[in-house]
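Given the sequences, and given the hints that come with them, work out the whole structure.
There are 2 protein chains.
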Amino acid sequence: MFAVTILGNNSALPAYDRHPTAQVVTLNDQILLIDCGEGTQMQLSRYKVKRGRLNHIFISHLHGDHYFGLIGLITSMGLLGREIPLHLYAPAGLDEIIALQLKVASTSLPFELIYHTLEKAELLIDTSKFSVECFNTKHRIPCWGFIVREKRHPRKIDKEKVLEYEIPSSFYNALKNGNDYSTKDGDIIRNEQVTIANTPARSYAFCADTVYDESIADITKDVCLLYHEATYLKDFADRAAERFHSTTVQAAMIAKKANARQLLLGHFSSKYEQLDDYLKEAVEIFPNTHLAIEGVSFLVK
Amino acid sequence: MFAVTILGNNSALPAYDRHPTAQVVTLNDQILLIDCGEGTQMQLSRYKVKRGRLNHIFISHLHGDHYFGLIGLITSMGLLGREIPLHLYAPAGLDEIIALQLKVASTSLPFELIYHTLEKAELLIDTSKFSVECFNTKHRIPCWGFIVREKRHPRKIDKEKVLEYEIPSSFYNALKNGNDYSTKDGDIIRNEQVTIANTPARSYAFCADTVYDESIADITKDVCLLYHEATYLKDFADRAAERFHSTTVQAAMIAKKANARQLLLGHFSSKYEQLDDYLKEAVEIFPNTHLAIEGVSFLVK
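If you're matching them up, the sequences are chains A and B in order.
Residue 295 in this note's numbering sits at position 295 of the first sequence, and the numbers go up by one each step.
Residue 214 in this note's numbering sits at position 214 of the second sequence, and the numbers go up by one each step.
Careful: at least some of the hints might be erroneous.
Unchecked claim - Capping the alpha-carbon separation at 25 Å, the derived lysine to aspartate or glutamate pairs in DMTMM-like fashion look like this:
no., chain 1, residue 1, chain 2, residue 2
1, A, K48, B, E294
2, B, K50, A, E273
3, A, K151, A, E273
Said to hold, decoys possible - Partial pick of chain A residues on the chain B-facing surface, computed with a CB cut under 7 Å:
no., residue
4, L13
5, P85
6, L86
Simulated from the structure, these hints should not be mistaken for lab results.
A virtual CB, placed ideally from N, CA and C, is assigned to each residue, including glycine.
Okay, here's the thing in structure tokens:
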């Protein structure tokens with residue numbers, strides 16, 4: 001299971017029951033939260049995401065529509081008795097704001113907040129199952145995108161073959177990790193004779209808020225699912241550039257250049273009540289485009 | 001028109017689609033906001049309250065469920081081009097938090113924020129039409145209640161009588177203000193002979209978060225509508241006291257002692273999904289009790 005669930009898709013301010021940016025990435029037993037606009041804790045409840053399983057929160061930048069919901073989520077976790085540390089990945093400054101808000105409330109959290117300040121493109125998390133890296137985007141203030149990659153699955157045991165070659169089950173884990181087997185007689189059973197390749201590793205890129213920037217296509221090369229902001233329709237390219245945002249067409253061009261498999265558009269301007277034109281404009285350039293509709297989960301495949 | 005519209009009625013954290021505290025007081029052409037929990041700007045939209053007409057916001061205390069929605073509301077007002085100054089009445093510390101949040105976003109608002117720090121019981125607003133005063137409540141951190149009073153209406157002219165007594169229209173304003181009229185012959189026409197009493201001045205008291213405290217009944221004496229928190233049902237009086245909150249029965253006792261006309265209960269604990277017992281327990285002591293249900297407007301009468 002590798003999916004992205006949209007909790008908020010609007011830019012700047014909430015409108016037409018669309019919420020500011022927040023997304024949940026589910027990767028097997030992991031739940032990651034990317035951005036946390038106002039109302040995110042309500043949206044988590046609405047879409048039945050278990051906040052207790054949330055251990056990593058990524059904040060792209062400190063414009064309010066990307067983090068005003070964080071303090072509420074954190075204090076609610078405290079009220080619900082959380083004890084497990086929570087990792088926060090964000091630009092410098094967030095720690096000071098949260099510390100001040102806890103201080104005026106005379107509140108101390110029953111769990112540890114572990115801050116990871118985003119300062120350069122780097123690997124933020126690297127486990128045996130997945131990794132998360134950040135990259136800089138070009139916005140009005142320091143802003144970061146994130147790429148979540150699952151680790152390549154281990155190979156699968158071919159049950160008939162391992163019995164045929166009489167390989168002991170104690171060696172199965174070594175086989176899954178790609179090792180060959182040596183028999184007592186010194187014969188080598190090559191890994192691919194007794195295992196089957198698993199599905200290739202999948203990846204999700206969240207490109208945050210950004211002006212049109214082709215370097216994002218290089219950074220996100222061959223990603224399975226690319227989320228790119230499209231604040232405006234194509235006619236507003238000037239306004240987009242001026243405000244360090246992108247249009248439908250620009251987002252689609254990045255997806256095409258990146259050779260992404262699917263494109264997810266979001267961060268819609270409150271100028272537009274109807275979103276149909278976003279899709280129409282993008283699919284002309286990149287057919288496999290979807291709108292980041294709230295409550296919908298998109299499989300990374 | 002004097003009414004209170006409930007935008008949020010839950011305590012501590014949002015639950016069961018109940019939101020943290022926020023209320024709109026409408027007094028003729030004035031709209032006042034009392035408390036501003038997370039999601040208040042969405043609730044304002046949902047219940048079609050025009051935020052452009054909002055010039056005064058009162059924050060009872062700096063626990064997050066009473067103010068986390070303020071920064072979002074303020075920045076949205078800025079994005080929508082507000083130019084009129086906005087008055088904020090709150091305990092010390094709020095200005096620093098907001099300044100920091102604007103700074104990290106490199107944002108300057110297109111309107112002025114005028115802070116009024118709550119430090120002692122005093123008159124905060126005093127116009128010819130209404131007044132707002134604050135009073136201290138006993139909570140874990142500094143906390144303030146608010147009383148909104150309309151000014152006593154002028155008396156109404158009795159049109160038949162003023163003609164009968166041949167009182168010149170230039171004297172009508174003096175009549176409305178309660179003056180008697182002297183005829184050329186030196187006769188006195190008493191004010192009540194030619195005017196009719198208007199409805200009495202109405203008042204609303206918002207008692208914020210508080211432990212059971214009988215002094216609130218003195219402060220809110222004879223108020224028309226009394227909002228009192230009732231975080232817990234009566235069986236949890238010990239927990240209420242420990243956490244500086246009140247129960248249903250305690251809220252009802254305050255309303256009774258205050259000789260209030262109506263009681264509004266809110267700040268419900270997330271322990272309770274159903275609210276029926278709140279009403280049942282309170283009406284036994286104070287029959288004219290209502291639950292602060294979100295989206296409902298209660299007339300101050």
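Now for the hints, and whether the structure bears them out:
For the suggested pair K48/A and E294/B, the alpha carbons sit about 22 Å apart, so the restraint of at most 25 Å is met. Taking the CA atoms of K50/B and E273/A, the gap is near 19 Å; set against the 25 Å cutoff, the hint holds. Restraint check for K151/A and E273/A: the C-alpha separation of about 40 Å exceeds 25 Å, so the hint is violated. Taking 7 Å as the C-beta cut-off, the interface hint given for L13/A holds, the closest approach to chain B being about 4 Å.
For the restraint placing P85/A at the interface with chain B, the shortest Cβ-Cβ distance is roughly 20 Å, beyond the 7 Å limit, so the hint is violated. The beta carbon of L86/A is not positioned within 7 Å of any beta carbon in chain B (closest approach about 16 Å), and the interface hint is therefore violated.
Checked against the numbered hints given earlier, the structure breaks hints 3, 5, 6 and satisfies all the rest.
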